[in-house]
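Chains A and B, in that order, give the protein sequences.
Here this note's numbering is used: the first residue of the first sequence is 1, the next is one more, and so on.
Here this note's numbering is used: the first residue of the second sequence is 1, the next is one more, and so on.
Watch out, some of these pointers could steer you wrong.
What follows is a set of in silico ranges between Cβ atoms, one per label pair, in the way DEER data are often shown [stated by the list, open to error]: (1) His88/A to Tyr350/B: 20 to 26 Å; (2) Phe148/B to Pro107/A: 45 to 51 Å; (3) Glu334/A to Val154/B: 32 to 38 Å; (4) Tyr350/B to Thr261/A: 55 to 61 Å.
Honestly, the hints are just simulated from the structure, not real lab data.
Every residue gets a Cβ at the ideal spot worked out from N, C-alpha and C, and that includes glycine.
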Amino acid sequence: MGEYVVEMRHITKRFPGIVANDDVSVSIRRGEVYALLGENGAGKSTLMSMLFGMYEPDGGEILIDGQKVVFHSSTDAAARRIGMVHQHFKLVGNYTVAENIVLGIEPMKKKFGFLPWVDMQEANQKIRELSAKYGLEVNPTDRIEDLPVSVCQRVEILKMLYRQAEIMIFDEPTAVLTPQEIDFLLQIIDGLRKDGKTIILITHKMEEIKRIADRCAILRRGRLIDVRNVADTSVQEMADMMVGRPVNLSQEKPEARFGETVLTVSGLTVSDEHHFDVVRNVSFSIRSGEIFAIAGVAGNGQTEIADAIAGMVKIASGSVKLLNTDITAASVRERALAGISYIPEDRQGTGVILDFSLRDNLALREYFREPFSKNGILNDEKFNSYAEDLIARYDIRSGQGAATQVRSMSGGNQQKAIIGREVEEHSKLIIFVQPTRGLDIGAIENIRREILAERERGAAILLISLELEEIMALADTVGVIYRGELLKTAPCTELTSQDVGLYMMGVKQA
Amino acid sequence: MARLLTGPRAAVWSSLTAIVMTLLTAGVLLLVMGRNPAVAFYSFLQGCGFAPKANYGGGSGMLSDLFDFLTYLAPMLLASLAFIVAFKAGLFNIGIAGQMLAAGFLATVLAGYNKTLPSPAAKLIVVVIGIAAGGLVGAFVGYLKYRFNIHEVVSTIMINYIISYLTGFFINNNYVDMMTRTSRVCSPAARLCLTNVQIGGVNCKIPFGMLIALAAAFAVHFLFSRTTVGFELKAVGRNAHCAQYFGVRVGRRLVLAMALSGMLAGLAGVNYYLGYTNTIIPKTLAAMGYDSISVALLGSASPIGAIFAAVIVSIFQQGANYMSSMVGVAKEIASLITGILLLYASCGTYMKIRAERVLQRAADRTRDAGQGGSGQREEA
Chain A
1 MGEYVVEMRH
11 ITKRFPGIVA
21 NDDVSVSIRR
31 GEVYALLGEN
41 GAGKSTLMSM
51 LFGMYEPDGG
61 EILIDGQKVV
71 FHSSTDAAAR
81 RIGMVHQHFK
91 LVGNYTVAEN
101 IVLGIEPMKK
111 KFGFLPWVDM
121 QEANQKIREL
131 SAKYGLEVNP
141 TDRIEDLPVS
151 VCQRVEILKM
161 LYRQAEIMIF
171 DEPTAVLTPQ
181 EIDFLLQIID
191 GLRKDGKTII
201 LITHKMEEIK
211 RIADRCAILR
221 RGRLIDVRNV
231 ADTSVQEMAD
241 MMVGRPVNLS
251 QEKPEARFGE
261 TVLTVSGLTV
271 SDEHHFDVVR
281 NVSFSIRSGE
291 IFAIAGVAGN
301 GQTEIADAIA
311 GMVKIASGSV
321 KLLNTDITAA
331 SVRERALAGI
341 SYIPEDRQGT
351 GVILDFSLRD
361 NLALREYFRE
371 PFSKNGILND
381 EKFNSYAEDL
391 IARYDIRSGQ
401 GAATQVRSMS
411 GGNQQKAIIG
421 REVEEHSKLI
431 IFVQPTRGLD
441 IGAIENIRRE
451 ILAERERGAA
461 ILLISLELEE
471 IMALADTVGV
481 IYRGELLKTA
491 PCTELTSQDV
501 GLYMMGVKQA
Chain B
1 MARLLTGPRA
11 AVWSSLTAIV
21 MTLLTAGVLL
31 LVMGRNPAVA
41 FYSFLQGCGF
51 APKANYGGGS
61 GMLSDLFDFL
71 TYLAPMLLAS
81 LAFIVAFKAG
91 LFNIGIAGQM
101 LAAGFLATVL
111 AGYNKTLPSP
121 AAKLIVVVIG
131 IAAGGLVGAF
141 VGYLKYRFNI
151 HEVVSTIMIN
161 YIISYLTGFF
171 INNNYVDMMT
181 RTSRVCSPAA
191 RLCLTNVQIG
201 GVNCKIPFGM
211 LIALAAAFAV
221 HFLFSRTTVG
231 FELKAVGRNA
241 HCAQYFGVRV
251 GRRLVLAMAL
261 SGMLAGLAGV
271 NYYLGYTNTI
281 IPKTLAAMGY
291 DSISVALLGS
301 ASPIGAIFAA
311 VIVSIFQQGA
321 NYMSSMVGVA
331 KEIASLITGI
341 LLLYASCGTY
351 MKIRAERVLQ
361 RAADRTRDAG
371 QGGSGQREEA
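Produce the complete structure using the sequences and hints provided.
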């Protein structure tokens with residue numbers, strides 16, 4: 001048996017209008033953690049999808065244990081002990097943990113000697129053993145739809161272990177996790193390596209690679225740039241190679257110049273459909289030129305505050321004032337016209353219409369007024385020229401320009417389109433919710449620069465983020481939310497990350 | 001062929017493929033029954049006035065058959081437009097038959113039985129009643145969805161029954177013709193066609209509905225491609241949550257979409273009951289209300305596509321009588337053929353995916369051959 005367990009030689013894969021992989025060769029040793037680093041659209045996921053049998057390469061060959069293989073489906077790949085955890089989990093929501101894990105290879109028994117029967121007892125037992133062995137705590141009889149994402153990810157890992165995978169592919173596994181959950185996952189991966197498994201980690205986060213990976217392949221625009229030993233490579237080097245130019249990892253924040261108060265929220269309370277108060281008596285204000293950030297663990301009412309200010313959910317009590325106008329009762333459109341831009345958390349579900357063209361999506365804030373339309377008749381030329389303008393200035397990349405269906409664009413470019421569209425309104429208040437989630441370093445750098453530029457312009461900015469690092473880097477004022485209440489509001493300079501972390505857990509009381 | 005199904009005119013080619021496949025399938029069916037498919041298909045065309053029959057009754061000719069066909073085509077096209085408008089906004093209006101009946105019944109009772117109205121006024125009133133009645137039923141369905149979150153498929157099925165029995169009750173009680181057991185015919189002044197017009201020595205029925213239907217098709221096309229309202233309706237249909245986010249009042253747009261759909265269905269209804277049949281059979285919904293769904297899907301939910309699709313489906317439905325008398329197959333085969341057509345039309349997306357795969361494999365093969373032909377790929 002040779003040194004390499006996986007060899008991919010001269011792999012080329014084309015999609016309409018794009019070369020996703022251009023003559024890429026990687027060789028992966030048994031028992032190592034091998035990272036694939038690259039920006040969105042660099043071809044990391046495509047390369048691994050071919051190893052997992054989801055696509056067939058247009059050129060090149062794949063060798064497993066030195067033998068040439070051709071995979072027509074992921075079933076073929078699974079037969080060669082390859083497993084994959086996708087970025088978007090492939091689980092059946094109304095099935096239990098165990099049912100999901102055994103799906104397709106259920107342990108069968110014959111009841112009364114002839115009736116085929118899925119032995120869930122045995123499945124549950126086996127899964128308990130596996131989860132104990134690897135420290136992946138799950139309850140086999142829980143339903144997937146009741147579980148948080150971090151547990152769903154454990155189920156996906158167990159699914160691979162149950163199928164006795166030796167080569168495990170993780171596609172952006174930390175994109176959806178909190179800092180503590182990331183620590184836990186990296187420990188699990190380390191445990192798997194000690195158990196002799198080969199791990200392939202698709203990511204764009206250099207810190208994780210630094211912490212866990214042995215070697216790292218850097219891809220850029222479909223080409224393999226370099227393969228490095230992680231121990232000998234600095235984070236800065238990796239970032240530069242990934243982006244293709246020197247990257248500035250720490251943003252410079254100019255001195256704050258606060259102006260008049262733009263947004264005043266007083267006594268805001270929002271109830272969900274079960275009449276439970278998800279936001280309780282929240283009050284704060286944001287001045288022009290100020291970034292007000294709300295820190296908190298996911299699901300503590302942050303997004304509801306943003307939705308309430310934008311007019312998308314009903315307010316139970318309290319008021320929202322923009323400059324000197326009370327907009328508590330105003331419609332979404334009225335608020336937008338009064339000067340509110342909103343970059344929503346759910347990019348694909350709320351921020352864009354995936355089946356519309358990029359051109360139409362860029363016009364969502366403008367289509368109803370001149371010069372985009374007159375007396376209800378759309379002006380195609382204005383739509384086109386506006387789209388071309390935004391595409392150029394916000395560097396939105398897509399296969400067929402303005403006519404591209406947004407569904408076919410990468411997440412980073414979808415977000416660029418949303419931010420371009422919202423920033424272009426030059427609003428007095430801009431709400432950013434999770435603006436950089438799931439994006440790569442180049443895109444994050446861009447978006448943070450955009451946020452700071454808007455602050456310089458004099459916009460009031462409400463930033464809601466789950467990433468503490470992002471909040472500490474950008475905010476002028478921090479409010480920490482816990483169970484719908486603002487526990488603490490203070491200038492960013494008066495707080496350490498440690499303090500904010502404690503408030504986020506509700507440990508420290510103001 | 002694979003290339004055509006993935007190209008820019010994919011919708012057109014997949015519809016054409018569906019038609020060819022339907023003809024082949026129906027042809028096999030006819031062969032199994034021991035009939036000559038060519039004769040059968042030709043007699044469909046003869047029945048619709050596209051080809052001359054062997055002989056004609058007194059005063060009628062090819063032209064009168066063609067105009068009869070158009071009288072049937074007009075409500076068919078309008079009904080499919082009704083489906084399309086709702087469909088684009090993400091709503092599935094299967095209450096078109098009921099909306100047609102409500103409009104047809106009210107127009108018959110209020111204007112059709114009024115002997116004093118002069119012809120142009122009567123026709124105008126019929127059209128207005130049709131639009132209003134259909135629009136109100138549609139708007140009600142939209143309101144139920146907006147206010148109480150009642151799914152439009154459920155509410156329209158229920159309303160279909162209510163309208164069917166309610167109008168049936170009134171027809172049987174007040175307006176029945178004792179000979180035919182259907183509603184009394186309405187006055188020629190109110191009918192949406194001119195009867196007994198002599199053209200080239202044959203008796204023709206000139207439908208106004210065809211003009212209305214064509215105008216409506218282009219109006220719907222314009223609505224969705226060039227107007228802000230159409231833009232918002234499409235946005236609501238594709239992603240209602242995003243529509244709300246960028247300031248569309250989603251509830252109001254749902255009501256509007258259903259109202260517009262109902263108006264078109266109402267127009268179809270008055271053209272059907274006061275143009276084509278001229279009477280109402282109590283407690284019976286027009287099959288056209290459901291055939292229109294096939295037409296809309298065959299036309300890829302495009303208003304212009306629907307014009308062509310309506311012609312195809314109408315040829316089978318309207319030509320069935322003559323075909324039946326010529327080759328001796330029950331005329332219900334028309335509905336069977338429409339069903340097969342709907343089946344193939346719905347397969348359009350699947351065929352597109354297949355075609356993409358075939359192209360991909362072909363590209364793989366040529367590349368392998370170019371690199372020295374190591375490929376031992378199995379044929380798709």
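- In this structure, is the beta-carbon distance linking Phe148/B and Pro107/A contained in 45 to 51 Å? At 47 Å between Cβs, range holds.
- Task: For His88/A and Tyr350/B, compare the CB-CB distance with the range 20 to 26 Å and indicate the outcome.
- Result: 24 Å, holds
- Query: Range hint 32 to 38 Å: satisfied by the CB atoms of Glu334/A and Val154/B?
  - Reply: Holds, since Glu334/A and Val154/B (Cβ atoms, about 34 Å apart) stay within the stated range.
- Item | Distance restraint evaluation - Tyr350/B, Thr261/A, Cβ atoms, bounds 55 to 61 Å | Because 58 Å falls inside the window, the suggested range holds.
When the structure is compared with the earlier hints, no violation turns up for any of them.
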